[in-house]
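Those sequence lines, one after another, are chains Z and W. The opening residue of the first sequence carries number 51 in our numbering; numbering runs sequentially from there. The opening residue of the second sequence carries number -9 in our numbering; numbering runs sequentially from there.
Beta-carbon label-pair distances, calculated as ranges:
| # | chain 1 | residue 1 | chain 2 | residue 2 | range |
| --- | --- | --- | --- | --- | --- |
| 1 | Z | Arg147 | W | Glu134 | 23 to 33 Å |
| 2 | Z | Glu354 | W | Gln(-6) | 50 to 60 Å |
| 3 | W | Asp30 | Z | Ala64 | 39 to 49 Å |
| 4 | Z | Phe59 | W | Val9 | 30 to 40 Å |
| 5 | W | Asp41 | Z | Trp405 | 39 to 49 Å |
| 6 | Z | Lys436 | W | Thr52 | 24 to 34 Å |
| 7 | Z | Gly108 | W | Ser(-7) | 44 to 54 Å |
| 8 | W | Glu88 | Z | Glu401 | 29 to 39 Å |
| 9 | Z | Glu401 | W | Glu134 | 39 to 49 Å |
| 10 | W | Ser5 | Z | Met113 | 32 to 42 Å |
| 11 | Z | Gly203 | W | Asp30 | 49 to 59 Å |
| 12 | W | Ser5 | Z | Trp405 | 40 to 50 Å |
| 13 | Z | Ala193 | W | Pro8 | 21 to 31 Å |
In case anyone wonders, no lab produced these hints; they're calculated from the structure. Ideal Cβ placement from N, Cα and C applies to all residues, glycine included.
One letter stands for each residue in the lines below.
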Amino acid sequence: MTNVLTNRFHLKGAACDIQVYEQHGGYKALPKALKEFKPEQITEEVKKSVLRGRGGAGFPTGMKWSFVPKESKRPKYLVCNADESEPGTGKDRDLMRFDPHQLIEGMIIAGYALSSNTSYIYIRGEYWYIKEILEKAVAQAYAKGYLGKNILGSGFDHDLYVHPGAGAYICGEETALLESLEGKRGHPRLKPPFPAVVGLYGGPTVVNNVETLAVVPHIILNGGEWYKALGTEKSGGTKLFTVSGHVNRPGNYEVPMGYPLMSLINNECGGMLGGRKLKACIPGGSSVPILNAEDCEKMTLDYESAASVGTMLGSGGVIVMDETTDIFETTRNVTHFYKHESCGWCTPCREGTRWLYKVFERMHRYEGRPGDVELLYDLADKILGKSFCALGDAAAMPVQSAIKKFREDFERRIKHNIVQIQKAAD
Amino acid sequence: MLSQANEKKLDEIISHYPVKRSAILPALYLAQEEHGYVTDEDVKYLAQRLDMRVNEVEEVVTFYTMYSRKPVGKYKLQVCRTLSCMLMGAEQIAEHLEHKLKCGMNETTPDGKFTLMEVECLGYCDLAPCLQVNFDYHEKVTTESVDKLIESLK
Ligand SMILES: Cc1cc2nc3c(=O)[nH]c(=O)nc-3n(C[C@H](O)[C@H](O)[C@H](O)COP(=O)(O)O)c2cc1C
Ligand code: SF4
Ligand code: FES
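Kindly produce the complete structure, drawing on both the sequences and the hints.
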């Protein structure tokens, strides 16, 4: 394991206290950033690190920051996306509950880079106790002069607030999040304009994931080149993966980009539960295409390798399934999730996810009709690329990839096939 | 109306934003904490307090799953049903609770103590199966640990 973001996790949460955080290397990057860097130099350093957004889309962070106009009539905002609701993902949870100051320090530096005086952490409502941890940490940072007016005598002012969500997956989508933060329903906005130009309260806004922002102090302390060199040429640095499902030691693991997926499963996670065989794995949260065992052998944990086996790194939620798993049932499960979480704004996603689930339901009862597997695939096709936001794609891709890779689990659900199987048995 | 303590909290929260309306989600939590659910009066009162129309508040309350517009049990038992928890036996946990409490999903026990709910991913996937009692997390639950938990809730 490479410890960059998790190097204070062994303190089991003691680093929530600002003194302990400082004793373990904390709040060293902020004074350095304010003294030695001009705002745009910070963005340059982040560009050198080739850090890509850890929220799911993998957009280059330095580039996103450079889209924010220097001059703006409206205030600029920084928003930390701590909505963490992608099934299979619980990494931001540990980053916040074990080391909240790391995130706060990263946000103050990012705020400085963007010349923004206000930031918000939008945290999912279920993480109420973590919201309280963050609020305590923020109060300590104010008391020490790391937040507020004229931070460490630099002339830079920054305020940071923690804002709770209330149970809506769609509010993890950045424009829906901004709507929610403005006190409305979480429906996504039309893009462009992108939030970097027109975002919160109409001001230029950067939305970044918790993990993305937590990396920033390390880049300032050790340099962008150093961070990049931890990973591969194109996918720099390290990344946290939440491993869940049929492994001996599920949990959050930080590994260098380019680390083999099977090593994560066999070494860090102690192998498959009960010594059973691997059947399938979803490597980036429930929204990304599923892999079979053969693909898993080939995949390393970086953006390029993920693409080469037809999937994505997504949120880093690695869901592992053994040979006893019925991929029809797992796909039905996630389809229920997307049907439930569809915000209802656009027709392909709202109606499409309901239709999908209806077909799943009858197949679940072994009452599938001939052609239902094709129907599922086709329904997913009617959502894919035709919806207002990426949630639609996230609902469609798992269905299509599961049918492609594990068709026999679906065919078994067709009534006609069951009769045939029974006849053959008689 | 909210208690004096909560009114003070709400004033502080409103000061975090350039527009009052941004405080609606935190405000609804305060109301729900005080009254057990979001009442008709809460909706009217918060509309006036945050410069919103009543239907705008109603729109928000009904969009987000963590608010309830009708009374619920003292303890909301929220069992995660999503993939990682399903792989680790969430269905058995849910069925066990249904039998034990003689209560279906989204129902409240006659004594008003428990409301049983199935919810989507709680972000504890590596600690599956998991459930939440009001805001408290319980990780890697088993039918035995759930029994103990129910007994401990008075
Ligand atoms: C349906 C949906 C849900 C999302 N949920 C999250 C989330 O919970 N956390 C997150 O950081 N990003 C989430 N995203 C991605 C955000 O829209 C956005 O790309 C991200 O916060 C940007 O931060 P990054 O560049 O640091 O990754 C979601 C996107 C979609 C379409
Ligand atoms: S794709 Fe789904 S979640 Fe996105 S806007 Fe349309 S209905 Fe809402
Ligand atoms: S699937 Fe249950 S907590 Fe994520």
